[in-house]
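Taken in order, these protein sequences are the chains called A, B, C and D. Remember, the numbering used here sits 9 above the position in the first sequence when you count from 1. Remember, the numbering used here sits 670 above the position in the second sequence when you count from 1. Remember, the numbering used here sits 2 above the position in the third sequence when you count from 1. Remember, the numbering used here sits 142 above the position in the fourth sequence when you count from 1.
Bear in mind the hints are in silico, worked out from the structure with no lab data behind them. Computed from a prediction, not measured in an experiment: that's the story for all the values here. Heads up, the beta-carbon is just placed ideally off N, CA and C, and yes, glycines get one too.
Just a few of them, taken from the derived set where beta-carbon distance is under 8 Å, the chain B residues facing chain D:
1) Phe787
2) His793
3) Met798
4) Ile803
5) Tyr967
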Amino acid sequence: MLRRTLFGTALAATLAAAGAAQAQQTLKIGVILPYSGQFADLATQLDNGIKLYVQQNGDTVAGRKIEIVRKDVGGIAPDVAKRLAQELVVRDRVDVLAGFALTPNAMAAGDVSEQAKKFMVVMNAATSIITTKSPFMTRTSLTTPQLNDTLGKWVAKNGGKRAFTMASDYGPGHDGEQAFQKAFREAGGEIVGAVRIPVENPDFSAFVQRAKDSGADVVYVWVPGGAQPAALGKALAERGLANTGVKIVGQGELTSEEALKSMGDAGLGIITAFNYDYTHDSAKNRDFVTAYRRAYNRNPDLFSVGGYDGMHVIYEAVKKAAGRTDGQVLIDAVKGMAWESPRGPVSIDAETRDIINTVYIRRVERRNGELVNAEIDRVERVKDPVKAAMR
Amino acid sequence: MTGAVVRPLPDPHAFLARRARWSAPEILFWLSTLLPFWLFPDYLSLASQIAVWALFAISVDLILGYAGIVTLGHAVFFGIGAYTAGLLGKHGWGEPLSGLLIAATAAAAVGFLISFFVVRARHLALLMITIGIVFMAREAANALHWITGGSDGLQGIRIDPVLGRFEFDLWGTTAYGYALAVLFVAFVFCRRLVNSPFGLALQGIRENPTRMLAIGSPMRWRLQQVFTFSAGLAGLAGAVLAQTTETVSLESLGFQRSADVVIMLILGGTGRLYGGILGAVIFLVARDQLSDVNPRYWYFWIGMLLIGVVLFMRDGLLGGLSRLWDRVRGRGA
Amino acid sequence: MTIALSTDGLAKSFGSLAVTRQVSINVPQGGRFALIGPNGAGKTTLINLMTGLLKPDGGRILLGGEDITAAPAAARVKRGLVRTFQINTLFLNLTPLEAVTLAVCERRGIAGHAWRTVGAHRDAVDEAFAILTSLRLGHDCLRLTRELAYGQQRLLEIALALATKPRVLLLDEPAAGVPRDESAELFSAIAALPSDVTVLFIEHDMNLVFRFASRIIVLVAGGVLTEGTPQEIGADPRVREVYLGNRGHLPATGSVGGGHAHG
Amino acid sequence: MLTTLAGVLFDGFAYGMLLFLMSVGLSVTLGLMNFTNLAHGSFAMLGGYVVVVLTERAGWPFLATLPAAFLITAAVSVVFERLLFSRFYRRSELDQVLVTIGLVFMATAAAAYLFGTVQQPVQVPSFLRGAWNVEGVSIGVYRTFLIAVAVVIAVVLVVGLETTRLGQQIRAAVDNQRMARGLGIDVDKAFALTFAVGSGLAGLGGGLAVEWVGLDPAFGLHFLVYVLIVVSMGGLGSIGGSFAAAVLIGVGDMACKYYVPELGAFLIYALMVLLLFLRPQGLFGRR
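The following block holds chain A by itself, in its conformation from the complex:
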């Protein structure tokens, strides 16, 4: 461990020297995202957020011209992610590592950030512990427990007594399920049943039937975005679960724009916790959505905001550091930073370097003929509960 640290210091010194030679020239940002493969759409939206920010705020900050180097990691592939991060550092000599849609990739690249003392901005990956991998890392998206812990408390407080949970059987699903169950129990609720769903699951009828048979008054769902929310919605509609007065609750991806389109009226009444929706009512967000639509002909989502805010953090940190780019300076500049995001007021926790933001509780309603997530409640300044409990 000692050797590792010594080595890291020597390395960082070399790189800093190399960086200094380049100072006043470009600010290189290496972005690692799954541009191809099954997570490609997520990467597209996130990258759009990055591009829009640069477009709106100019490509020069603190006298340095921004240059973005994009690398495709192709999916969940920490070995590739780590290699790309290494290459970005040693070959492309980037000043900042950014992007990171998926937890394993972010964790692997975290090693590089720590070793090379590089500022790293996680713009999506949502597992709590990621930010503990490197002291030079911050996050501008959210953590899964942040949303689900809040949701569990809220549901218990608002009349839910007996909950059935169903979650995708992999890391993020487990995180969400556990956070919800813990919070729900602590707030006085009872978990009457739980089921874990295979990750690649095209049909939900059997699980919805189980939930229905369990006699719960709340059904909590955690599924990844993509094809699954729509498929789930259809199963819910066919089983007529909503008609029986059971509340369906979950994390925001469940009722994303695309999911609502293909769910149709089956989605009505679903309650979700999330940190952003394009319908959020604020001047900042209206401008953001308008600009985003003009540029990319679709609505932004949480990934877009993660990328957009991630760039904001980089710009502001570099400004504050007056163009210096070594990891310690930039991470210090970020600690405690607060700003107005399209999602509302957000800040970076000075201790954990993780995001603090508002969690909105939304219900699917029909407005002007369209299904939208209408905000019905909000919890402000939510920190990641896992790291809060660690201390």
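Once you have looked at the hints, place chains B, C and D on chain A.
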């Protein structure tokens, strides 16, 4: 056969010795693998992963190219090797070389068990059994997430410096040296194997199983032996990747990895050991370059390359090259 | 005289079609037996049954008095029951030297050795080369099998069989498709085998059959019609009728005439 | 308890029918023509995009887009068959696998380029939505519709192959190419037609699947594995076999999820490996 000229009989020993001898291009090739240290010091991480994939491709070549067993499930053994090495590193056994051996042994042991299922089947059933096994392995690894870390990947792997001296660094210098050394040693073993009577028997099975029965060969046993050895090699490759990157994910035993390695092997050419190495170089360099040009649609060009090679070069790029070489030499003579 | 190979009531059907009916034959050690019969008589099926490529529905197969009915194909080869194929069954992308060396190695039980090179097993290579030379394949044994002339490939079939040191050799039309002058040569090579090797061969060329066989078994519609010396068979009117039809006459032993009964 | 079982059986059967529609074409081309076409799932994806584009952008009614999905996919597949695949009929299985996998890569990238990586929603007419409640068992309308389509297709295929002149020609061409040519049958045409019908069915299946399982560029690869499981378990070239295997997988999958969800997809793969180990030719295979 007029009998007027008495042709001298050829010397079989000289012929076989020539076959087994290291040729000048081979020696040159292996010397050239050292060039990246000086020519492309910025690309050593990539080079180390190419060496890992090359080793993996060679393991597949032994069973596909030499013994004729088509598999789309070999990542199972790659993954077992990777997880074994990773788990050792995570739980305090950071010494890399012994970790490699343990990982390869574990993969070979599982390979031996699975060989009973594989050597009986042929055609579509064989393909589907190998695919089925790789999906089962992935499901199992996800279900055992308290051991494997599930979809978050195995975290907290710490590997000691190689031989107590060479630490794995950011530039990938140690990683490449290490991966290259393992590749070379494994290659020497494989090279001896394919030039041995056992290697001849494997080619016999590929060429004509009926004839192998007629000369009394215990074919299934031979196939099981080579499958086990190949599984061990794949495990070795997985272990090197886990050690040099200090990370393992579920995808290391996924279907995609199984398919990619076969594609590399086909691109390079089967049944020649070097085909796997060439294929790994082409695939990964092409991927690196294409995805830099366009991170989103590079798979299109990989697909096109694959179709082109299968369509026009039936024995891969190496086969095409060697035919070209023969023609040039034939004209010269 | 010891019996090298015998079958007892051997039977095999494919669906409703009985291709082998109660075949009982005895071949003494050192015998040179011919198996003849019209196309579709079940000659190749009989060889497939005896060598274990097919499983019989009934009956027994004995090799040197031991029951091998249930033994796997490779085990029968190990005990000295070896065959050649009517249709070339060779390793097209290996050289004859490699192919025969492989067969020698399998027999010697060293084909599982994976560390020393083939060339390092000098004895095996020498033995393989000697077999190839004895069948006049020595000059071409370093070319790929696929490049050999057809007649040479037929010889290689025999070379591969010899490399296993057979006690009983079953030859399925060894000269099929070989020009007449070469086929006699080929049979001379067979005739030159050690006298303790038992040979059972299928052949359509009656010249060759009558020249090289000590006894002839006639198979018709899956069953044994008759068995006897060449003279007896040549004089048997039933054989004449079912096998040769009324097209020709059976040649006297070793004389000209006859020819391919079927094209 | 019984109503639960009935519900699981119905949903499993419907899911099986979806798999049957997507895989029967591959069973036909693989079994009759001996061509291992891994791009079959990509043809299903094409059918899906036809349905989405025609309903969402051109405003066609959903039911009218289904024949279009069949025809357009069939037409596109014939182009590939004539230009590319026909060169591989005599090549090894591995070559076939690789060339079609190459095509899958290209199709995936092309779909991402043309339609974006986003999930494509499709709106089915209201009379196909919702569910009936029969004795406490929820019977999805769309699922019933799927079952009906699949059963009709199965009957048409069996009758078509057994009784029509074209069906006889195809079977003759497959059994003995040379003899079929001698009888004046255009073998190339018969193969092209078979391939078109097989792929067209995949397109139809893909079009019908969007409503249930969604559509994105990864669709082709995602369903390929399920399709291959159905085909290999059913036995090559056996329409009845594909039907039976699809029902088995559909019901088995659904029942596993309901009763033993912790085992996930593991059981399906284990079932397949075991079956193919014991019966490599599949349930109803001839070889």
